[in-house]
Amino acid sequence: KAGVTQTPRYLIKTRGQQVTLSCSPISGHRSVSWYQQTPGQGLQFLFEYFSETQRNKGNFPGRFSGRQFSNSRSEMNVSTLELGDSALYLCASSLDGNPDRHEQYFGPGTRLTVT
Amino acid sequence: AQSVTQPDIHITVSEGASLELRCNYSYGATPYLFWYVQSPGQGLQLLLKYFSGDTLVQGIKGFEAEFKRSQSSFNLRKPSVHWSDAAEYFCAVGAPNAGNMLTFGGGTRLMVKP
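Going down the list, the sequences are from chains D and F.
Taken in order, the first sequence gives residues 2 to 116; the numbers are from the working numbering.
Taken in order, the second sequence gives residues 558 to 671; the numbers are from the working numbering.
Chain F with its partners taken away, still in its complex shape (with noise of 0.2 Å):
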């Protein structure tokens, strides 16, 4: 079965300061890999996905992340982190022939000090 975890539920940084968020997964073969983001009262939005070839994915709001096979781990990062970025981020993983099935990880909260 995949998994998928998150080490960090909670991270503060500074305004136009960088950021990077852990994502660690359980799959046998090559998932395909998401990364969505949640503002309260929202539903969710994709920021972006890896399903083969460059490791290196460029998303929407300046996000990107790289797939690390031999580490099992995508995480997301941001050069300068803006106020509008405060929401929750949620990684999650899916499989070829398994449809919009996907397994979520718990979750970062991300706030952004002034």
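Isolated chain D, as found in the complex (with noise of 0.2 Å):
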């Protein structure tokens, strides 16, 4: 069974730009989470989606939206994009969303060097 696919795995954009990460996350699987991983803040939670729904959402700003598609398979995209906004870019699927019964799979990452 494939594991949790992120693309593209490196990207390098420029201040101001806009940028759309993408997540397909394992067969059967219902619910993605994303994360921002950084040295300086770490982990932090961006937003879930469950069936196409946004459940649960972070503290971020507006600029940074996702969506998930009917096949489940998830993006997230960030505008403007600020130095800050470098980091590694993690997806995460379950098969429902429930952590109490099933496990949550990351993805390898996506890096993101803003410039």
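Derived by calculation from the structure, the hints in this document are not laboratory data.
Computed from a prediction, not measured in an experiment: that's the story for all the values here.
Please note that the accuracy of each hint is not assured.
Among the chain F residues that face chain D by a calculated CB cut under 7 Å, a handful are [as the list claims (entries may be wrong)]:
1) G585
2) Y589
3) L603
4) F608
5) N657
6) M658
7) F661
8) G663
Quick reminder that beta carbons are idealized off the backbone N, C-alpha and C, glycines included.
With the hints as a guide, bring the two chains together.
Take a look at the structure:
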């Protein structure tokens, strides 16, 4: 069974641009979560989608948005990029978004560098 | 709001020695508690989790953790460390009815001396 796939794996963007990152969950998984990992702030929750609906949202500005498609694939978008958005963006999927029943599996991440 | 503290940023142990990584959390009720491991260039892998019941939980790769409500702690232990255990370890807390929204600690980087 294939794991969580994130594309692209590496990305370099310029300040002010926007970026879209993609996540393909494990087949059959309906919950997708996104996290940002930086050396300064650590791992921070961005948002969680379940069956195309945003179920939870972290404390990030509106420049960060996401969506989930009917096949459970998810994208996150960051508009008007800032240097501080440079980070490893991790996606995770689980069967039903209930951590006491089903484990959450993480992808390898997308490394975004903003110059 | 919930929070997680991992007091040790770096720990170095000799191969074969025992290991304990500390984790303290802040949460009003009984939380969901997790330990994850991250190897360089990799995503996170779940080592073990606690939701309720027996306070000593066993995980993969020979790890165990003990939930101590009175100390708000969930420390990770391993009786004998292998060189392949060198990685970064993260403690995380979640909550019932909060889906997969987790709050992570800052992480502890483990180095293993031969």
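Exercise. Against which earlier hints does the structure fall short, listed by number upward?
Worked result: 1
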